[in-house]
Amino acid sequence: MSALDRQLRPIYDALDMGSHKSAVVSCNKLIKRYPNNLLLKALKSLGLVRSQKIEEALPLLEEVLAAKTTDDATLTALMHVLRLLGRNQDIVSMFENAYKQQPQNEDLGVQTFFAYARTGNWKVAQQIATRMHKQFQEDRYLYWSVVGALLQANDLATPPEMRTLLYKLAHRQVASSPSPSYLSAERFYLHLSILQELQLYDEANKLLESEIGKSICSTSLPCNYLRRQIWRARGLYKEEAERAKDLILEKNDRNWLEFLSIIDAAFPPKESGQEPVTDAIPETRDFFNKIAETDGVKDRSGLLALIELEHRARVAGGTSDITVLKALLQKYFVLHSEKACCFEDLKPYLDLSDADRDEWTTFLDSQRSTLESATDLRCLINVHKLQRFSLPASKLTAELESGRAASYIRDYKEGLRLGLELPETELQLADDLAILAGQALVNAWYLSKEQAYLLQAVALLEFTLSKSKVAYSVRLMLIRLYRLLGAPTLALNHYRALNIKHVQNDTLSHFALSRATTFSLASTGDITYSSECLETSQVYLSNSNETSEFITRAFHGERYSQIPNFIEFEERLENSLQRDLVKMEHVRMRMIHEPIVSDLIDMEFIELKIILDRYHFDNRDFDIMPNYQPNGQPSFEVQTRLFGRNAGLGWLRVYLKMFIRAFQHASDLDDATEDKLLIGDRPKKSSDPENQLPLVERLNKRNLEEESELTEQELKLFEWALTLADWLEPYHNVARPPPTVDGQKTSNGETGSSARKDDAPPVRSTPDLVVRFFDDVQSEFEASVGRDCLPSELLHIVTIIQEAVTLLVAETVRFKSTSVVKIHKLSQLVQSLKEVRTKACVSLKETSESLVKSGENYGTADSRKAFVDACSPIIDDDLVHHDFVLNIAKNVCDSRKKTLEGVGKGGLKISSAYDKA
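Going left to right, the sequence shown walks through residues 1 to 917 as my numbering numbers them.
For the record, the hints were derived by calculation from the structure and aren't laboratory data.
Backbone N, C-alpha and C fix where the C-beta goes; we use that ideal spot for every residue, glycine too.
Among the hints, a few may not be true.
Label-pair distances were calculated between CB atoms; the ranges are [stated by the list, open to error]:
#1 Glu549 with Glu707: 40 to 48 Å
#2 Thr397 with Asp365: 19 to 27 Å
#3 Pro160 with Glu424: 57 to 65 Å
#4 Asp613 with Leu183: 42 to 50 Å
Please work from the sequences and hints to get the whole structure.
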């Protein structure tokens, strides 16, 4: 080891330990002694970037990149820097230059391949792998080339005819390989997937029927999955069924897919185009009966398969007697009612007539027993779930639901006795009874709109958590209820208690952050929700680095079946709908927290335009929350949606259009300046035809499906913002023409300023909607206060008015300059805008004052007493006692008071600041 290598070791250690400042100091000392050492400069830039000193790092980075080094250590350091900056194209160029200089260096070839793989440029990656196979004669490079061709074919931008050609190329490469594909299960999988796509079923069958093919499929799940798909595509349902029977009988395989294969032989899926084989039904029924009798209570697969068979027979044409199905349902319950999955297993088959439903309910009543053991408790829980699911609409009233909740609570109280010895880390056996009671109370509220039922549900579920601290499903329910009740601090506390990590931030953060601006106190300086948005978004930053490493490791380890999954995972996370919903909420919070100046406008304008160009994947998990509402009723998730609407892609696109248009008017950026402000690469643009339209046309285009996700107040805000933008756009174009306008004026031989001055349009009067909006929304607020609505609805209306004020400020920031007004003779426009701003600020002030008063009311003893009185039906000295409910009442009322007062005072602050501006 050289002297320099020994001196470099502490720098690497410091970087590994996160001591970036120490690493930079050490680099500075060594750079004085070795001023031309590129590795030291690369390591220093890495330390600077990790220390968030981007501007200091960039000159060093550019210097080292310009040297076009081939040193492995320097290239590795540069790669880490560029990945942190999101400059993947520069990584590609760097390794490509190095590989061109040393074409015999196999490691550089591999790194160049991986660089293209990270950027998704599979065409060039495939070409490099082909070249490496010819040069270094390693079989794995041939299969890398095959994978590159397949991934290129699967790219959405690849034309259909090219897709077929690429698959044929991959097939030819595999066929010409010196070693057969069956030497490795992963290579065999690759070969089968190509044959499946090209529909070369005879060749695929030859591979599958060979002894080694059968052996691979018996041990490799991915290969067996492909085999199953190929057989189904060939219509070999009978052969697949025979194979499944052998596995079930001879190897005691109880994989549900095998049972479905047998049923599919009798009732092929519709897409197969085959008719049901009625002759096979008796034989299949006998087979399943035999399995069910053999397994008894040990395994439920055989009996569940019998139920599925009878269900399909009825659906296919009524060939099954309903009495047979009812008998099987009852038999299944008797044998497996102690299993937690019993309800979910039977639910798909409970679409019964009124008479059959009554008979089923009577049977369930007969299965009740005293709670002497955990088995009895699980059976009772399943009885309640199944009976509740089967409730007819005629038996769904608020009073009846309240009575059912009381019944569930009584059984919950009894069930708690069976869990007294359980440690705190375990779930109580009776938790589901409390959840049933909570959902019955929520349904009572949904039917009657009486808030007392929601308060009872909250108190009961909080008590459930005190007994079962790790009941995540109860926390999710409470998050939903607290947001409805206008107690977001409690909702956020429960959300944080879930301790979600990594990709769960993408799937579950919507519980706390959907329309989070409604509850944000950013206008008063409280950035709790803004910080939560930033913390949640960290998973997307790490995704771009970590997932690409999984892909390269999969190539190294020849795990070809995993590569498409990793790529899909990366793509879904990179283009996550929730990512951009959270970003939109953060922008909305910035608008009420920070001064609306060019720095904010320009950066958010760039980022929001990038989001508008993206295609989105909705990875949000709504099914994680239990739903025990009756069949035909909206699910618990639907019932507890904030404002009754789910903010999804439509909501996002409407808000993007609204904010982008306002920022476009306020910004002086042109395309060249935008590119300079962007540090990383531009994300891949969606191939959606709408994205090919000019930006102005896209922003003006309305979509009723998108707007259906808006609340009534949000839709009014959108229409107001469009009207305001249409009114002001001509004056923006005159005061600061877009680059296209400048270009046209210049090509006509005129200066921009003279064109603007001569072409100044006459000032039009203020559109009626621009002023009327504030009167309408304020009237809605006053009506809502009068009808004692949920606090969240009041918060929503004030937030909408607040947002209108900030959008108005952004739209008119250009006209604050007296020189602009004077040059373009816009004094009349400025006077009109002043009147609108005054009207907006007065409306915001008055509604905010009313909101503060509403908040103060929640801080009184009377408010807490009203909460406790509302919960009197569930108060029990031996269960949910009075003091416990009083403590919950205090927490809820304090949270409501803090939020309503905070949002109200923030509104007053904004109205005061912008009324004087």
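**Asked** Can you give the numbers of the hints that this structure goes against, from lowest to highest?
**Response** none
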